[in-house]
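Chains as they are written, first to last, in the working numbering: chain A, 743 to 1217; chain B, 926 to 966.
Don't take every hint at face value.
Some, not all, of what chain A presents toward chain B, calculated at C-beta under 7 Å [as the list claims (entries may be wrong)]: (1) Ser788; (2) Arg886; (3) Thr1103; (4) Asn1123; (5) Val1126; (6) Thr1164; (7) Ser1197; (8) Phe1199; (9) Ser1204.
Hints were generated in silico from the structure; no laboratory data involved. Cβ coordinates follow ideal geometry from the N, Cα and C atoms, glycine included.
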Amino acid sequence: MIQPVIKGVSAILAHAPSLIRYGSKPSREIGADAGLLPAILAHLRSYHEALSYAPHQVFVGRMRPNALRALSTPWLTHPVAAERFGPFGEVLPEEELYGLLALADEFRLLALDPEFAEETIKRLADHPMLHSMSLDPVREAGRRNLREALNSASAMPMFVEGNRLIGAIRGGQEDDESLTASIVLENLAAKATGALALLHLVSKDGLSPDAVEYVLGCSEEAVGDRYQRGGGNLGKAMAEMAGCGNASGADIKNFCAAPIPALVIGGSLVAAGVFENVAVVGGGSLPKLGMKFRGHLKHQMPILEDVLAGIAVWVGRDDGRSPRIRLDAVGRHEVKAGSSNQAILEALVAQPLAKIGKKITEVGIFATELHNPEITVPQGNGDVPLRNYRTLAALAALRGEIDASEINAFVQKHGMPGFAPTQGHLASAICFLGHAREMLMAKEIETVQLVAKGSLFLGMMSRQSDGMSVLLEAQ
Amino acid sequence: MFNGKQVIVIGERDGVAGPAIASCVTASGGNVVLVHTDCFV
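If we strip away everything but chain B, and leave its shape as in the complex, we get:
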């Protein structure tokens, strides 16, 4: 799904955290160039 794509990952602590999204992206063939998780509270 992400083959050959450079991906910026932005996650949320109380939703889906950045590293979890990054794992999915990597497993789908993407190249994660930045992972960030934010906390909105």
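For reference, chain A alone in the conformation it holds in the complex:
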């Protein structure tokens, strides 16, 4: 077997406050009460505020997650020294996100205000990854008749700075409920942010775009048409946009857990010699923008779910230095396992470790659900990472590996604060991968277990939940 390793990781955020109104929860609630929109618009963050928000700087690799523990809270009112670009990627401003959407829009469904299009082209021309791409699609979007686009039946207006009208997006087919403007926008947002992460991946760590052979998409959208909702292969669409001409692709679906099975399948393709270089790519989830906005408004806070995320991972052959993917220590949540948290963690954490003779306490760091608690607590959903770490510690206590009095110490030693926006799949363990790779290569830790859960039951085809884990090991 060829040993698969993690050869590179990128992570980006795209500031999208004006798209919050099109998030699933806000759009439904605005539909029921139009008076809500002004309140939402009054609670948007500026780009600088979003950039200097400490969890965002962690996401792009400028700070370690545990550095958050030393900061004053709430992080919201304690901005940090910030940079747009970090070791893993960047925090893209909203104006440039619209340019990126135009670049992703192969079917010319987006129309932009001509002046805004020209401003955006100037900005993209300075972008280190996008400047070499043809920016003609943005110019062409600026030449489309915006007024006509706005008048078409299913068009949605597009804004920046909250309420400045700068464009419109049309649906793909008037009578196809899988290609409405809303769904096209959601899919384009996933494609554009995933492709940006892939562009960052192929611009560092020595990966040439031409060397990528297969892209496994693991986003949360369901690209398709009326005859095949969720038809998929956003993976290949992102490969094309990122200039990976020798790549093909496919998508892995498993609710929020998807990136981990994608990583394991990617590792398996490399291990079997099918492909030498696989990219696992997840783009952002537009429906989850503003998901907890009610809690934020209630507490007089800005709406914190104002960013789309994107992550890309290069899985390749052993280079003698990158962290190994231990395919002999993959955890899966079997049908028969049961749905209690204890049963899930037994299946995902304890059992795969037992297969290779390791105890829970022998793992350096666990990455579980890493949603930022400042987003979830105001809505009454609690600190999700802390709850998961405490359950994991309780399992270690139950197995006699630690004393019950050591649960808090276990959480401190093997856990971290949540730092990811509530972008589902990308908050589910994979957001730590860039940090894990650096820490494993620096020998700060020996092992990391990525543990992801997926809410299979939400689709109403089964009452089961699911999840997968994989162990990474330093060379």
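Mind docking chain B on chain A? Use the hints.
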């Protein structure tokens, strides 16, 4: 504890899932009429 009671069970993925609560309710003599698990992230 739940003898003769009709019980609606609402669980949480990152807390205690619905089916796990339902098992306890059933074991305590209750009649579970609805089980729902939600995910809040």
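Discussion item. Take the shortest C-beta to C-beta distance between Thr1103/A and chain B; is it under 7 Å?
Written reply: Status violated, d = 22 Å.
Worksheet entry | Thr1164/A as chain B interface residue, shortest Cβ-Cβ below 7 Å | With a closest approach of 5 Å, the Thr1164/A hint holds.
Discussion item. Is the interface hint satisfied for Ser1197/A? The criterion is a beta-carbon contact with chain B at less than 7 Å.
Written reply: With Cβ-Cβ at 4 Å, under 7 Å, it holds.
Discussion item. So, as I understand it, the hint says Phe1199/A touches chain B; can you test that by seeing if any CB pair is closer than 7 Å?
Written reply: This interface hint holds because 5 Å falls under the 7 Å limit.
Worksheet item: Once the shortest beta carbon distance from Arg886/A to chain B is found, is it less than 7 Å?
Response: Nearest chain B Cβ about 38 Å off; hint violated.
Practice prompt. Report holds or violated for the interface hint on Ser1204/A, using the least CB-CB distance to chain B and a cut-off of 7 Å.
Written response: Ser1204/A check fails; min Cβ-Cβ to chain B is 11 Å, beyond 7 Å.
Item to complete: So, Asn1123/A near chain B? Judge it on the closest CB pair being under 7 Å.
Response: Holds: closest Cβ of chain B sits about 4 Å from Asn1123/A, inside 7 Å.
Worksheet entry | Interface hint compliance - Ser788/A to chain B, C-beta minimum distance less than 7 Å | violated, 26 Å
Discussion item. Holds or violated: the hint that Val1126/A contacts chain B, with Cβ atoms closer than 7 Å.
Written reply: holds, 5 Å
When each numbered hint is compared with the structure, violations occur for hints 1, 2, 3 and 9.
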